[in-house]
Each structure stands twice: as structure tokens, then as C-alpha cells.
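S.K.: Below, each chain spelled out in residue letters.
Protein chains: 2
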Amino acid sequence: MTAPSDSVVRAWTRLERAHRAALATVEGRLKEAGLPPLAWYDVLLELERAGAPGLRPFELQKAMLLAQYNLSRLIDRLEAQGHVARAASEDDGRGQVLAITAKGRAMRRKIWPVYAAAIEAAVGAHLSPTEARALGDLLERLYPPRS
Amino acid sequence: MTAPSDSVVRAWTRLERAHRAALATVEGRLKEAGLPPLAWYDVLLELERAGAPGLRPFELQKAMLLAQYNLSRLIDRLEAQGHVARAASEDDGRGQVLAITAKGRAMRRKIWPVYAAAIEAAVGAHLSPTEARALGDLLERLYPPRS
DNA sequence: TCCACTTATATGCAATTGCATCTAGTGTGC
DNA sequence: GCACACTAGATGCAATTGCATATAAGTGGA
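Going line by line, the protein sequences match chains V and B. Oh and the first sequence: position 54 is 53 in numbering that gives the first Met the number 0, straight run, nothing missing. Oh and the second sequence: position 72 is 71 in numbering that gives the first Met the number 0, straight run, nothing missing.
In short, the hints are calculated from the structure, not lab data. Please read all numbers here as calculations on a predicted model, not as lab measurements. Since no wrong hints were added, every one of them can be taken at face value.
Non-contacting residues of chain V with respect to chain B, defined by C-beta distances greater than 10 angstroms in every case (computed): (1) Ala32; (2) Pro35; (3) Arg48; (4) Glu78; (5) Gln80; (6) Glu89; (7) Gly92; (8) Ile110.
Below 25 angstroms or equal to it, Euclidean Cα-Cα: the simulated DSS-like pairs (lysine-lysine) are: (9) Lys30(B) to Lys61(V); (10) Lys30(V) to Lys61(B); (11) Lys109(B) to Lys30(B).
Here a beta-carbon is modelled for each residue, glycine too, at the ideal position from N, C-alpha and C.
Could you put together the complete structure from these sequences and hints?
M.R.: Structure representation (C-alpha cells):
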């Protein structure tokens, strides 16, 4: 267990700070617009991308890095609003399969313009295209997809 | 209101993901070690850095990007444990001045090794020194100190 | 001085999160 | 076919967060 160098500590500190600031902007804009929180969008997007086969909750959990009980309740709320549908899994008696509904799709579409503008304000406005790409690449190192 | 480019959206998405992963590591390590959550450390560090004059809650709030009511209660908890002391402000009848106690200092020192190891695991282990520096610089652009 | 406005902090209450644990299936070795 | 360890998901309860608003004090004029 090596001690982190100053530059690593600094990177971590900035990561926290930048994330907090950007998230506050994004969540704030969504709320102002009377829209649901960001997590709803993420679920809807994942489900929309998954297409017809849908997704198992545990897959969504990995994709979103959410705690299991948190996701379970997030789905409760989305289901209560009619944005997603739960169905028993054919293959696995313990599990379910989630699918986005038409209403869910509509909600995702409605959120996007506000969300997009917020991303631009919180991130895009501060970086050149080259910097944005570089930042994305570096951050990806911290959590490589398919790690 | 321009739409964000793909690279900007990607940077934002990775920011969320990287932050969530790193934070989970850090908070997890603290909990395993029976230590309080990260926010406690941040407050204690800021107060220790502030030295004798202490800090007003609103200053801490800006430094930590915390919501006002959240900080108010965080201080409640820290005070209840004897880690910080509240005193009425001399200059401003509405306000208070916060100071870290000896117990608070001890707690901060106790947290640091665990926290440091977690930062190294969550961030340092994935980046070269050059990359860490580059990441810190880019993130700083998103929330420039003294903006 | 008085008033309207702003700033600093606290707080009641509802929603969300975290923790620990529960239930119900699955799979494996025998 | 059984015992056992493991995975998927839900849930009761406590802690935290978010929201709206309250209280109290500072500030800048008319």
C-alpha cells in the first residue's frame, strides 16, 4: 500500500469538486424544469438501448454502479409512474426483466433537451473539444468499461 | 444554448462513472475501517487548515460545495461527537465561528492513512504521474478555484 | 429612524439512502 | 434427490438529504 502522490491526491480532490459542481448544475436544471432526477434518465436510457430483450435489474445495477437496494427502489418509483414494466424472467425464477414503456420513452425524450443544455453548461462550456476528449479518456482509465 | 458535442457528453458520462466508482471505493474502505464518512474528513481538514481564526459555516459551505442545510446538520453531528466547536461570531450577530478540537484533530489524523490508501487504490493505481497531473488540470477547468 | 431587502443559520417534514437481513430460486457435489 | 453455498431481488428500520420555510441579524436608503 503505497501512499498516493500529491498529484494523485489533487486529481481525486478535483474529481470530487468538479463532479459536485457539475451535478448540482445538472440536477438543478432538471428540477427547475419540473423534471425527475438524473437517475431516472439513466435507467430509461439504458432500457431504451437494451431494446426488446430488456434488462435484468442486476445488469442495470452493474451498468449504473448503483447499490442493489437503491436500484430496487428506483425501479419501484419508475414502475409506479408507468415508465418501466417489470416482468418475471423466463429463464430465472428469481429474477425479472425490465422494459421501458411508451410513457418511459416519452419521458426520456422530454428530459433530454434540458439535460443536454445542462451538460453543455456544466462541462462543455469550460473545455475545448480536444480537452473534452482528453478528459473523457483519462476518466475512462479510472473505470474501464469491461474491466 | 448549444447542444453538447459527443465528446462533451462522453466526458460527463465518464465523470459520473469514475466518480461513483472511486467514491464507492473510498467510502467503502472508511466504513470497513470503522471510520466516519468522507464528509467528516473534509470538514476537519478545512478547519485544521483554517487555523486559529476558524471558519464561518458559510465559508465552509463554499469550500465544500455543500447545501446549507446539509452543512448545518453535518456540523451538528461533528459537534455532538466533540470534533468541532461552535462559537458565536464576534463581528456578526447572526453567525458562528467553527473550530476544530483536539479530538477532531486526532480523528482527522486517524482517518488519513485509510483515506490515503483508498485514494491510491481508486485513482493512483490507474494513472501515471503525468496522467494524474493532466487529469487534475482538466478537472480544475470545470470548477476553477476563485472563479 | 424606519422599512424593505438581503444574508446567516436552523428546522419540520417528506423522500431517499444505507444497512442488515429476508425470501426464493440456482447450481454443485455427492 | 439432498445439503449447502451462492445469486437475484425485496424490505423494515435508522440515518441522511432535500425542500420549504422560519428566525434573527445586517444593510442601504428615504
